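**Q** Given next are the chains, with one letter for each unit.
Number of protein chains: 2
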Amino acid sequence: MTKYVYFFGDGHAEGQADMRNLLGGKGANLAEMVNMGIPVPPGFTITTEVCTLYYNNDKKWPEKLEEQVKEAITKVEKAMGKKFGDPENPLLFSVRSGARVSMPGMMDTVLNLGLTDKTLAGLLKHNERFAYDSYRRFIQMYGDVVRGVDHDLFEAAIEKAKQEAGVHYDSELSPETLKELVEIYKGIYKDATGEDFPQDPWIQLKGAINAVFDSWNTERAIKYRQLNNIPGDWGTAVNVQTMVYGNLNDVSGTGVAFTRNPSTGENHFYGEYLMRAQGEDVVAGIRTPHKIDDLKEEMPEIYKELEDIYHKLEQHYRDMQDIEFTIEDGKLYMLQTRSGKRTAAAAVRIAIEMVEEGLIDEKTAVLRVSPAQLDQLLHPMMDPNYAEEPIAKGLPASPGAAVGRVVFTAQDAEEWAQKGEKVILVRNETSPEDIGGMDAAQGILTARGGMTSHAAVVARGMGKCCVSGSSDVKVDFANKLFRAGDTVVKEGEWISLNGTTGEVFLGQAPLIEPQVTGNFAKLMELADKFRQMGIRTNADTPEDAKRAREFGAEGIGLCRTEHMFFKGNRIISVRKMILADDEAERRAALDELLPYQKGDFVELFKAMKGLPVTIRLLDPPLHEFVPHTEEDQAQMAKEMGRSLDEVKAKVQSLEEFNPMLGHRGCRLAITYPEIYEMQTQAIMEAACELNKEGYDIEPEIMIPLIGDVRELLYIKEKVEKVAKDVLSNHGVSFEYKIGTMIEVPRAAITADEIAKEADFFSFGTNDMTQMTYGFSRDDAGNFIKDYMNKHILESDVFATLDQTGVGYLVKLAVEKGKSTNPDIKLGICGEHGGDPATVEFCHDVGLTYVSCSPFRVPIARLAAAQAAVKKPR
Amino acid sequence: MTKYVYFFGDGHAEGQADMRNLLGGKGANLAEMVNMGIPVPPGFTITTEVCTLYYNNDKKWPEKLEEQVKEAITKVEKAMGKKFGDPENPLLFSVRSGARVSMPGMMDTVLNLGLTDKTLAGLLKHNERFAYDSYRRFIQMYGDVVRGVDHDLFEAAIEKAKQEAGVHYDSELSPETLKELVEIYKGIYKDATGEDFPQDPWIQLKGAINAVFDSWNTERAIKYRQLNNIPGDWGTAVNVQTMVYGNLNDVSGTGVAFTRNPSTGENHFYGEYLMRAQGEDVVAGIRTPHKIDDLKEEMPEIYKELEDIYHKLEQHYRDMQDIEFTIEDGKLYMLQTRSGKRTAAAAVRIAIEMVEEGLIDEKTAVLRVSPAQLDQLLHPMMDPNYAEEPIAKGLPASPGAAVGRVVFTAQDAEEWAQKGEKVILVRNETSPEDIGGMDAAQGILTARGGMTSHAAVVARGMGKCCVSGSSDVKVDFANKLFRAGDTVVKEGEWISLNGTTGEVFLGQAPLIEPQVTGNFAKLMELADKFRQMGIRTNADTPEDAKRAREFGAEGIGLCRTEHMFFKGNRIISVRKMILADDEAERRAALDELLPYQKGDFVELFKAMKGLPVTIRLLDPPLHEFVPHTEEDQAQMAKEMGRSLDEVKAKVQSLEEFNPMLGHRGCRLAITYPEIYEMQTQAIMEAACELNKEGYDIEPEIMIPLIGDVRELLYIKEKVEKVAKDVLSNHGVSFEYKIGTMIEVPRAAITADEIAKEADFFSFGTNDMTQMTYGFSRDDAGNFIKDYMNKHILESDVFATLDQTGVGYLVKLAVEKGKSTNPDIKLGICGEHGGDPATVEFCHDVGLTYVSCSPFRVPIARLAAAQAAVKKPR
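These protein sequence lines map, in sequence, to chains A and B.
Under our numbering, the residues of the first sequence are numbered 1 to 873, in order.
Under our numbering, the residues of the second sequence are numbered 1 to 873, in order.
Honestly, the hints are just simulated from the structure, not real lab data.
One or more hints might be untrue.
Pairs involving identical chains hold if they fit within one copy or between any two copies, as the list cannot separate such chains.
As the list claims (entries may be wrong) - Straight-line C-alpha distance at most 25 Å; calculated DSS-like pairs for lysine-lysine:
(1) Lys-871 <-> Lys-818
(2) Lys-3 <-> Lys-59
(3) Lys-419 <-> Lys-648
All values reported here derive from a predicted model rather than from experimental measurement.
From just these sequences and the hints, can you work out the full model?
**A** Below, the structure is given as structure tokens:
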């Protein structure tokens, strides 16, 4: 019989930490804590498999599940000495979701389950206020989560009660008022559902379990999974656990904490708690909680116990933990432990310090930081010496800097961002519905909520700058503005956030470039120690080249010469070349370009100080360079002594139906070999001049868009002739390489033939993705969103390499290429080269190097190291 | 030591017929005839390998060649009792090219080689006129062919001599005049080359042999090879053969003949001869020769001998032979035999009749006809009952009919044709330089030349209608017109040719459709007996379907539903569907289309009478259907109650950068599933209605542009639901199939996954070629010509499948598809489906059927049969 339910509590558990896939993260860790002897309220976990069965079986429970749940309840009853549904001493449950990976705020929870008009009696014996408060909370949560009753109806009722009572906080309401509220809530429930509030605890429990399963496929959960690449068929587990009450009395409370600072990584216990509160109150950011340090004074024994537990947990898990606890009537219970989410800065610091503390080894440290997350450290930061006065201050909830125009709704954030606007989303507090807008914004500013509020947690996960709980900020949604002291900031005005200090500035603050120093540099050293692939950069300018070298690039994997064609006045010569009537005229225009190109290459070679530089010869269709405005066309007509009509006709003749598949790349050089001849001359002359000065440059000339070895043969002959002529004219001698892009599917298929004639392959996975899928990158935006919404594609194939299809061709080309040219150098220079999953793939298939944009170089270094640690060559 | 030279003559030869690759066709067959005891002037063949060595070795002879040539000359001298360079009794040679396959008129020839001022004496002893005539011919030929002296300079000199002598034909010139001409020709040679005419026979021979090698790479030879797919590295052999003289005296002559009629296939000896002439005179079409039948009266013994030889040759080679002979002083010599080129009609008739005669078996007959050539029989013909009077008559040189506008130069023919004009090329006679223009023209009309003239031979080879030697036609090139009796026909006027009767008509004659009858039908029966693949057709209309069935199609492999969208008024509904603002509006427009689509399918199913019909759901991007003119846009705005600006904006929003790779095919149905739902409903309802009437239709629904199995799953679910609903609503039940196009490279790579969900694959090799090469079919015209000129591509990859690249993906998909779905049906529906080489490939990789346009169905049937005969499954 399949085991669907795993009990924990009473000093032993059926599960353990490594059963995360089956029990979810929360369930596995609850079991582990029980096994470690840590106080955890007893309960049981329904496996993630049940969730999948539930969806595959028309939302019905599998056979035997009910039986197993009931058995588990009996065990809990025994452990607690209470009975589920017993009016004397009722056992109450919390019902929570728990997927393999944490999805904060995404899933629904029901607390106080098992309360009925009858079992209420058992609670009333303890404390009347607490009993009614628990019941009204339960009705609201159950109504909202299980039956979809509008949350606001309950909120309005309690608001009204508070006004009538003349009090400010829920906790100030009298037991009598709460008792009345319970009846009002039941009425709301009945009005909305047409049914009485269920008085059978078992019915309640079944409803809550199903609600957790259902919450797996809400729109916001699906969106979160898409953003985080979590497969839909993983499912969620359900944790049913004995309730403990942080709201029972004055020596009760609840808190969340991290064993180290999740924002900076500092090794200091860090968290917040609220007395007289249930867990959700802290996370939801409704009341601003106390710092965990305060607990040391308020309840020193509890604090000591908590400290022992967190040390024990960190030693056990050898990672920073995110914990939840509840104090019930002076007794501490742990409700959750998990690896804590952290900013990139914190991840790096914790990994390095844990190595230094001897807690983990170097390989583990390398694996501990997500390469994609490093991106946060590579974004511009606010200058710490920026002298302006902030208009407001809040909590430094997620570090970095953000500059953008103020919007007040998530929807506006998404819409403005789609139009290319940079925006800062300003809210009182954020909720899961705001995810899309938070993702679209540069940064987030909230007026309420702490360091563990929704806004703070989600922003840190996204690596997005966030200032939370800035009580200086008073938002006026109706008039689309906020006030901060005397300053009024309207929708569309620019503000700047410093997420590292919590400061808010008016206007656009200047930002400074990131650097690889301190712990970050130490991590990069570790990465370089383990990685087995080279890391190059895609750079067209000396500035980019210099930055990439600072980030650790070991060469240029792709220099796109066409970008140089637009610089300064040279576009005129380019256009003359394109509009030429014959070869002689074309050569004359190319002669004008030659010194510019040579100068470009001299600067680039100098910036790279002898590191390898791969230069791709002209690639885009000529139509991209022609004058499109009548004014520019008239200028060219004058320059070339033509009529405007002639120029227009020529421009028109270069238009193509599908330029992506048109006259571009090496096809240009088949028609006009003189273009590549000029570029080769410029490259070789630049290298000659510098090598005479003592540089040691070995240029790598790359021919794009090869699909047939005969294209390469034709062009290679011309390129080699020019190269040899330049060397002999300069009377010098040095090595140079001639290689090809592998981007056309046919090139991958015939790579054995091509490799015989190529010193290197560089995979152009952008174009290869376009051709392998038949997706135009420029047009796919129109339909890819439907693909994502309908679960046909899980990630953007232009960001993460499609390993099944495009990857097949890459592997094929590697195998075929090596079969005829075992020494061939193999690289990748598509945008994918900076994507961690793709870097791992490149390591696994045996590439020599990956090349990516300068800012992604550290990411690629770390990803390459992780790949090598996981599966050394 | 490599043997470079093969001797033949004196009753034995070193070569034989099956050494064609080494000795070329001419050389191999000369050797074979010698071995058969047929009289052949002795000589030797320099192998094709030498030609390749010559080009690879900077146009130098390989070592030992000279030695071997000299040895062979010695053997010939011994056989003839003459000596090369002997003034008393000189041995003279002809030097001719001879490639593996015949390239008529493409290669250069030198006759009378070995004549010098000294050896002339030996000829003068026989006949003074003949001696000087031979010498002046030799100087002209050698000057022209070996040294590039302008042919016209010699022609002008002899023209002047004839005028001065007051004679009309060369043969009327006196020996004295010819003697003077020899000196004048030597002067022309010296003026042009700066050297005296060579007086060393060995120098002459080396020069002529090199000239033959050089002629292999002239522009016209390269062009011919391109047109006929002959690889450049095959090279040509050189045949050096003892001269025999058709121009020696009145009992000398020369002729060319075919063992059967090459135009109709009739089993009747067919040819032409000229007395007092050398071979080139007949072929070049300068004098109009006599019919071979006349020889029976003029030289009965020679005719009898010739008749015996031709029967012997046909029995030996078991094929129709094309022979050349010379009669020297009453003695017959054979100079060549080879398989005769023939029209498609002749090829079919000869193949069928040879089976009936017991000369060949059925499989050989199937292999004897080139499938591509059948195209000739499938072109429209002139109605035999056409009642108009012809304006001129000529020889029925190449059958069929042609209607076009008159042009007078090959260049004009090419230029006009490029602009889309249909042209008839009218020339006095054609020459190898005209090849391009002949290819571009609908048909060819010449005023001079016989049935074996250049025009006739080349036109038959091309399957192009030709009327030759029409002496009614007087061409006035200066005024760009020709006269035929009283009729004046100017450039650009329409004429019609009947190549089967030799008639020329003014204006555009109506043409009739071809039919598969008689020998053609017999050949098709044979083909069907052997072929192992099904043959379907690509048809969108009942008319096309009916024609294809008459041609033998066994089903429809591709019905493109989009063509139906343009018929009548339905484009309005299509546009409403596209311009709709939401799904409801879109569904309303689709509802309007439904009855039309259903009607289309009813007609198509009826026309195919229960044969399988594969219907491809909507494929092209929506932008192809939108109104592009302001008028049409205004109409749509009115129809839909929109503003013109709104319609314009919507139209613009559908524009794409690369529509080929854009929102089309199944991607449309991912966004708008209702489109495919409507089409499925129409298909299934049509089938329901007809099946209720007793038809037995099993529709095959084809989803285009699948790249990922999840696309297919998503769409298949919707299609199946509609199909089941229709069946249940109609209360009927029949089988239907759902399959996919395999055209996106990724689909081929993941075919194992896709095949699990597909009943069939149909290879869309048009799109697959575009994506595998990265060539846009619409734009490739701009650069493919450079690829052909520069030998980077040998054939148009959109006409003949690229078996290396695209073929790899087809094979991969077949293997992967069968691995998960062994019963999967596999077809091809790209344009390539009618290309014989591609059909053979499809047979070899194991496809179930090929589908092609109706007119190519017989070609595909024959090609499939040939593939099965060559390599049965």
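**Q** Could you run down the list of hints and mark each one as holding or not?
**A** Each hint, compared with the structure:
| no. | hint | result |
| --- | --- | --- |
| 1 | Lys-871 <-> Lys-818 | within (21 Å within a copy, 33 Å between copies) |
| 2 | Lys-3 <-> Lys-59 | within (19 Å within a copy, 84 Å between copies) |
| 3 | Lys-419 <-> Lys-648 | between (32 Å within a copy, 21 Å between copies) |
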